[in-house]
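Same order as they appear, the protein sequences are chains B and Y.
Under the UniProt record's numbering, the first residue of the first sequence is numbered 1, with each subsequent residue one higher.
Under the UniProt record's numbering, the first residue of the second sequence is numbered 1, with each subsequent residue one higher.
Worth flagging that the hints you see were computed from the coordinates, not collected in a lab.
This list has only true hints and no planted wrong ones.
In the DSS-like style, the derived pairs of lysine-lysine whose C-alpha atoms are separated by at most 25 Å in a straight line are:
no.: 1; chain 1: Y; residue 1: K236; chain 2: B; residue 2: K106
no.: 2; chain 1: Y; residue 1: K192; chain 2: B; residue 2: K106
no.: 3; chain 1: Y; residue 1: K236; chain 2: Y; residue 2: K135
no.: 4; chain 1: B; residue 1: K12; chain 2: B; residue 2: K80
no.: 5; chain 1: Y; residue 1: K267; chain 2: Y; residue 2: K306
no.: 6; chain 1: Y; residue 1: K67; chain 2: Y; residue 2: K135
no.: 7; chain 1: B; residue 1: K125; chain 2: B; residue 2: K140
no.: 8; chain 1: B; residue 1: K125; chain 2: Y; residue 2: K59
From chain B, some residues computed to sit far from chain Y (all C-beta separations above 10 Å):
no.: 9; residue: E69
no.: 10; residue: K79
no.: 11; residue: L131
no.: 12; residue: S138
no.: 13; residue: E142
no.: 14; residue: N143
no.: 15; residue: Y144
no.: 16; residue: A148
no.: 17; residue: R151
no.: 18; residue: E156
no.: 19; residue: T159
no.: 20; residue: L161
no.: 21; residue: E162
These stretches of chain B come out as covered by chain Y in the derived footprint (C-beta under 8 Å, 3 or more residues):
no.: 22; segment: 81-89
no.: 23; segment: 101-108
no.: 24; segment: 119-128
The beta-carbon is built from N, C-alpha and C at its ideal position, and this holds for glycine as well.
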Amino acid sequence: MAKPEQCGNCTKPATIHLTQIINNKIHKVDLCEDCPFKKGVTDPEGFSLADFLVQSPASLISDKSLKCEACGFSPADFKKTGRFGCPQCYDTFHEILEPMLSNMHKDVVHRGKVPERALARMSRKRRLDQLERDLEESIKSENYEDSARLRDLIAEARTALETT
Amino acid sequence: MLITPLIEAKAELTDGGLAPEPIVLSTRIRLARNLSGEAFPGWGDSSQRVDILERCLDKLSRLPAFKDGTFLQISDLTELEKQVLVERHLVSRELIESEDATGVFIAPSQQLAVMINEEDHLRLQCMRSGFNFRKAWEEADATDSEMEDQLDYAFSDEYGYLTACPTNVGTGLRASAMLHLPGLVMCQHMEKVVRMVNQLGLAVRGSLGEGSEATGSIFQISNQQTLGESEDQIIKRLITILHAIIEQETNARGVLLENQSTMLMDKIGRAYGILRNGHLLSSQEAVNLLSLMRLAVDLGIFPEEKRAHIDRLSMEIQPGHVQCSANADIEPELRDQIRATRIREQFASFPTLDFSRIQISPNLNQED
Numbered sequence: 001m002a003k004p005e006q007c008g009n010c011t012k013p014a015t016i017h018l019t020q021i022i023n024n025k026i027h028k029v030d031l032c033e034d035c036p037f038k039k040g041v042t043d044p045e046g047f048s049l050a051d052f053l054v055q056s057p058a059s060l061i062s063d064k065s066l067k068c069e070a071c072g073f074s075p076a077d078f079k080k081t082g083r084f085g086c087p088q089c090y091d092t093f094h095e096i097l098e099p100m101l102s103n104m105h106k107d108v109v110h111r112g113k114v115p116e117r118a119l120a121r122m123s124r125k126r127r128l129d130q131l132e133r134d135l136e137e138s139i140k141s142e143n144y145e146d147s148a149r150l151r152d153l154i155a156e157a158r159t160a161l162e163t164t
Numbered sequence: 001m002l003i004t005p006l007i008e009a010k011a012e013l014t015d016g017g018l019a020p021e022p023i024v025l026s027t028r029i030r031l032a033r034n035l036s037g038e039a040f041p042g043w044g045d046s047s048q049r050v051d052i053l054e055r056c057l058d059k060l061s062r063l064p065a066f067k068d069g070t071f072l073q074i075s076d077l078t079e080l081e082k083q084v085l086v087e088r089h090l091v092s093r094e095l096i097e098s099e100d101a102t103g104v105f106i107a108p109s110q111q112l113a114v115m116i117n118e119e120d121h122l123r124l125q126c127m128r129s130g131f132n133f134r135k136a137w138e139e140a141d142a143t144d145s146e147m148e149d150q151l152d153y154a155f156s157d158e159y160g161y162l163t164a165c166p167t168n169v170g171t172g173l174r175a176s177a178m179l180h181l182p183g184l185v186m187c188q189h190m191e192k193v194v195r196m197v198n199q200l201g202l203a204v205r206g207s208l209g210e211g212s213e214a215t216g217s218i219f220q221i222s223n224q225q226t227l228g229e230s231e232d233q234i235i236k237r238l239i240t241i242l243h244a245i246i247e248q249e250t251n252a253r254g255v256l257l258e259n260q261s262t263m264l265m266d267k268i269g270r271a272y273g274i275l276r277n278g279h280l281l282s283s284q285e286a287v288n289l290l291s292l293m294r295l296a297v298d299l300g301i302f303p304e305e306k307r308a309h310i311d312r313l314s315m316e317i318q319p320g321h322v323q324c325s326a327n328a329d330i331e332p333e334l335r336d337q338i339r340a341t342r343i344r345e346q347f348a349s350f351p352t353l354d355f356s357r358i359q360i361s362p363n364l365n366q367e368d
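Based on the provided sequences and hints, a complete structural model is requested.
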């Protein structure tokens, strides 16, 4: 079988051809001479190919305009560090992330513990924020009946949040 | 020194609160957690990291688990103190390499610790001696829930707990056991075991974590996958595989006893001789020799109650601990001398080896 000429990590010619078994699946990766060493890898047996298994469309990774709105992190930063910038990056880079997660983990959906109390508090906080926005609107539109009702609801929501 | 109270305190892991077991030295559960809406430590700037450290510290100090606990800011510690904390598995090497608003909160029992601003905002770890995942997970889970009550975690319905590195996302759980596998090492079966374990989605490392060597035939085995399975499933799967490895180790010891008992007794006898009489011992040599003494206890050649002494000695003869006890930075050669003296003094009060329980191989030259 003819070996690909291009490195799977950059555009240089591939001279290193590695095979690794991860979760009973055989993965083959072709790399140029520099890429494994740039990542501090000198022992082909002792490193994970996970970094090189990002099978996302190249256009997404090289898309310079794609940045996390919350923290300014870019796909290039991820390639460099192997880590994300903030929790929001999981949404921003969703398309790059999915194929990577399916290579690394059992599945791509969380089936473990859920922070019940924190989630309940967050949903109460969201409700309070919404009620406050509604109140502002009702005052602006001089809808005083609604305003009075909303004030009561806000007071209730505040108490609920404080006691969570 | 800031960490003197920690070193001197009696703690289960370092002082044999529970009788140590053969093969499984300790069990650890680690949970990676981050605060909602905040840049991860590796990407946040200094002021963001300081803010996270202060917030986490304030909330953690209110938890019952950390009442009377010790908080150590890494920038306040000497290089030696940092090394001792790593040798005691209380912090990771990654944490001590960054001094920028990083710290560790250690519960009085020293079984529970939370690193702040390591790779993730919070890394909770719960350690137990022996093979004790149930207890370790129960405590880690309960403390995590208490923390969650005080801090808003970054959590997604789809991906679970969000972590700086996608290799930890989901449960954020790393469950690991420290195994003493001299039988498999002597039978040269470790390579096979490592391959098998890797194929099953687990990782094998040396005793000091990623990139460290497996001196003293001690290996850390942990799950690699954190997403797509519940914490219980991950732990159960790991336990099943660990049982298989323990069985392999027991078999390897059986084979060695049956076919190469003279070689085995020679190794143990020589180890005892050097530990009792040596005057210069590097930490690597000492750990390897003490590993043979632990095996001697498991085989009934050395008294059962000495296992805890050997485990404690194995920790205390590491480079950081030796220098810490001498209260100075010492050159390696002098360290080797102090280490050997310390071990000699301990072994002077230990009984001699009792080889009578071992059946000698009929003829060394006619082994199968």
